[in-house]
Amino acid sequence: MAKVVVVTSGKGGVGKTTSCASIGTALAMQGHRTVLIDFDVGLRNLDLVMGCERRVVYDLINVTTGEAKLSQALIKDKRLDGLFMLPASQTRDKDALTYEGVGDVIDALKEEFDFIICDSPAGIERGAVMAMYYADEAIVVSNPEVSSVRDSDRIIGLLDSKTRRAEQGESVKAHLLITRYDPERVEHSDMMSVQDIEEILAIPVVGVIPESPAVLRASNQGIPVVHDSDSDAGQAYSDTVARFLGEELPMRFTELERKGLFSRMFGGRR
Amino acid sequence: MKRLRNFFQKDSCQSADVARERLKVMISQDRMQRNQPDFLPRLQRELVEVIRRYTQSEQDEIQVSYHSLPQRSQIELNVSWPRNLP
Chain A
1 MAKVVVVTSG KGGVGKTTSC ASIGTALAMQ GHRTVLIDFD VGLRNLDLVM
51 GCERRVVYDL INVTTGEAKL SQALIKDKRL DGLFMLPASQ TRDKDALTYE
101 GVGDVIDALK EEFDFIICDS PAGIERGAVM AMYYADEAIV VSNPEVSSVR
151 DSDRIIGLLD SKTRRAEQGE SVKAHLLITR YDPERVEHSD MMSVQDIEEI
201 LAIPVVGVIP ESPAVLRASN QGIPVVHDSD SDAGQAYSDT VARFLGEELP
251 MRFTELERKG LFSRMFGGRR
Chain B
271 MKRLRNFFQK DSCQSADVAR ERLKVMISQD RMQRNQPDFL PRLQRELVEV
321 IRRYTQSEQD EIQVSYHSLP QRSQIELNVS WPRNLP
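Residue numbers (the numbering used here), protein chains in the order written: chain A, 1 to 270; chain B, 271 to 356.
Be aware that one or more of the hints could be misleading.
Rough simulated footprint, nothing fancy, chain B against chain A, three-plus residues with beta-carbon under 8 Å [unchecked claim]:
#: 1; stretch: 52-66
#: 2; stretch: 190-203
Residues from chain B that face chain A, not an exhaustive set, calculated with beta carbons under 7 Å [said to hold, decoys possible]:
#: 3; residue: 286
#: 4; residue: 289
#: 5; residue: 350
#: 6; residue: 354
The set of hints was computed from the structure by calculation and includes no laboratory data. The model shown is predicted, which means the values in this text are computed figures rather than measured ones. Each residue gets a CB set at the ideal place from its N, CA and C atoms; glycine is no exception.
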């Protein structure tokens, strides 16, 4: 049974698209047929992070309006079999998306895929609600920072009221993904801890991604950071997806590493 | 020197604790408003207007609070006014 998952946050710039790319990639690495849908009409970026921007011909709106077939619009990932993406429109106005149109596309994708990952636009407007409407589960991305956590709480409220599941009296299972985490600043009490944020938002943590130079390096190259299996962020995304699939793993990269004299003198940052 | 300063500042300025407390307050307010019907602010304003016409209560002597119960919604109205003693 195909699962529809929305990656959402409320606030912009917290790492929705980066997370979406790595989560989708990691699911495909584990052999699950996965499709990523970019819902950010007018601000399409998932294709760039996935490194397939030059192969975009048709987009989600073209499919909902019947201008293109679904098979024409889907872009196959060049690194992994079983990973596809459906880009957002860069030019059309965002009202061109309709609930019926999106519902039809998702129903069609459910025939072909195990996971349908929806990359939500920022905000709490129609686009964000559209991205979450058909979701079975949600990954709420939050930074350890007050405005991001507050906006995440708003989004959790919308998941409980504005989704199809909510309308049917069911619930959308929400997972918390904390990104840009810096254990050193947490240690100095200058950043809220995982426990603080989990307690405030009251949804279980599925992963913690450390602040890492590997994330920018990956998006510069259009290669989801999870491919960089030597990096802390890449490993943290692999762990996140393993937990999402039901494995029980301890959190990594959330405690300050006590560096010995040797590594302080010779160990560079990866 | 910086270390020494940090050592003394540590107790007075733990910004993560401040963030956590501010968020708890904000979010509990947000959550309360989230469940309220859209007409509530208007209803509240009109109720206050009508009541004040009769009682001359001060603004803070009229309290309208909203409660969301499992099966129904409820508003609670608390009004007080100064008695004119003879």
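In ascending order, which of the hints set out earlier in this document are inconsistent with the structure? 1, 5, 6
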